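Chemist: Here the working numbering is used: position 7 in the sequence shown is 7, and no number is missing along the way.
Don't read these hints as lab results, they were simulated from the structure.
Nothing here was measured: the structure is a model prediction, and the numbers come from that model.
One should not assume that every hint holds.
[What the hints assert, rightly or not] Here are the simulated distance ranges between beta carbons:
no., residue 1, residue 2, range
1, P31, Q53, 30 to 36 Å
2, M162, T123, 31 to 37 Å
3, R118, E19, 35 to 41 Å
4, G184, V159, 35 to 41 Å
5, T157, P31, 28 to 34 Å
6, T123, S57, 29 to 35 Å
7, G184, S57, 18 to 24 Å
8, P91, R70, 14 to 20 Å
9, G125, S57, 21 to 27 Å
10, I5, R181, 29 to 35 Å
11, A22, P91, 24 to 30 Å
12, R70, D30, 16 to 22 Å
C-beta: ideal position from N, C-alpha, C; glycine also.
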Amino acid sequence: METVILETPRLRLRPFTAEDSADVYAYARDPAVGPPAGWPPHESYMESWYIVQTVFSQPHVFAMELKENRKVIGSIGFVGGHPAGEHPDCPDDEIGYALSRPFWGRGLTAEAMAAVERYGFETLGLRRVWCAHYAGNWRSRRVMEKRGFRFRFARPTDVELMHEVRQTYFYELTEERWRERVSGAL
1 METVILETPR LRLRPFTAED SADVYAYARD PAVGPPAGWP PHESYMESWY
51 IVQTVFSQPH VFAMELKENR KVIGSIGFVG GHPAGEHPDC PDDEIGYALS
101 RPFWGRGLTA EAMAAVERYG FETLGLRRVW CAHYAGNWRS RRVMEKRGFR
151 FRFARPTDVE LMHEVRQTYF YELTEERWRE RVSGAL
């Protein structure tokens with residue numbers, strides 16, 4: 001499989017490597033980062049190493065690397081499918097992301113999402129891209145809205161890693177709406 005690297009003005013989105021484990025642990029141990037996204041803070045470097053080797057090694061998952069210092073400050077990528085089930089007539093996928101707390105509020109996640117959306121629509125041939133956030137994670141909602149995603153539905157979901165059920169809000173960006181946005185029509 002070809003190595004995919006996406007560039008933005010401030011970020012290089014690239015596959016994770018084992019060498020990224022220390023950077024992942026630095027942000028993933030922060031209790032403000034994982035729990036709002038549905039996973040507990042990492043308790044050790046080895047836990048982060050394992051996530052890099054398994055979850056982050058999936059196709060279309062990228063390390064968010066700052067160009068200025070080559071530090072990995074987050075993850076972003078496609079996490080699989082449509083939240084309401086498979087629709088073979090309409091290829092789609094869902095974007096998931098996490099960002100180190102010192103970098104919140106700088107527009108980096110929205111910048112990374114723009115590159116991942118383009119990759120999804122132009123390279124992967126997706127027709128829709130989904131995003132979701134749990135109740136209370138209003139920062140994540142704001143990123144989705146800034147990128148033009150529209151709210152579609154909410155429902156309680158099982159947050160397996162946190163051993164609880166949370167209200168989840170699902171947003172969608174269609175290929176047509178995305179093309180209108182990038183062309184300047186919206």
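Chemist: Please go over all the hints and tell whether each is borne out by the structure.
Modeler: Against the structure, the hints:
no.	hint	verdict
1	P31 to Q53: 30 to 36 Å	23 Å, violated
2	M162 to T123: 31 to 37 Å	33 Å, holds
3	R118 to E19: 35 to 41 Å	27 Å, violated
4	G184 to V159: 35 to 41 Å	38 Å, holds
5	T157 to P31: 28 to 34 Å	21 Å, violated
6	T123 to S57: 29 to 35 Å	19 Å, violated
7	G184 to S57: 18 to 24 Å	37 Å, violated
8	P91 to R70: 14 to 20 Å	33 Å, violated
9	G125 to S57: 21 to 27 Å	23 Å, holds
10	I5 to R181: 29 to 35 Å	23 Å, violated
11	A22 to P91: 24 to 30 Å	36 Å, violated
12	R70 to D30: 16 to 22 Å	20 Å, holds
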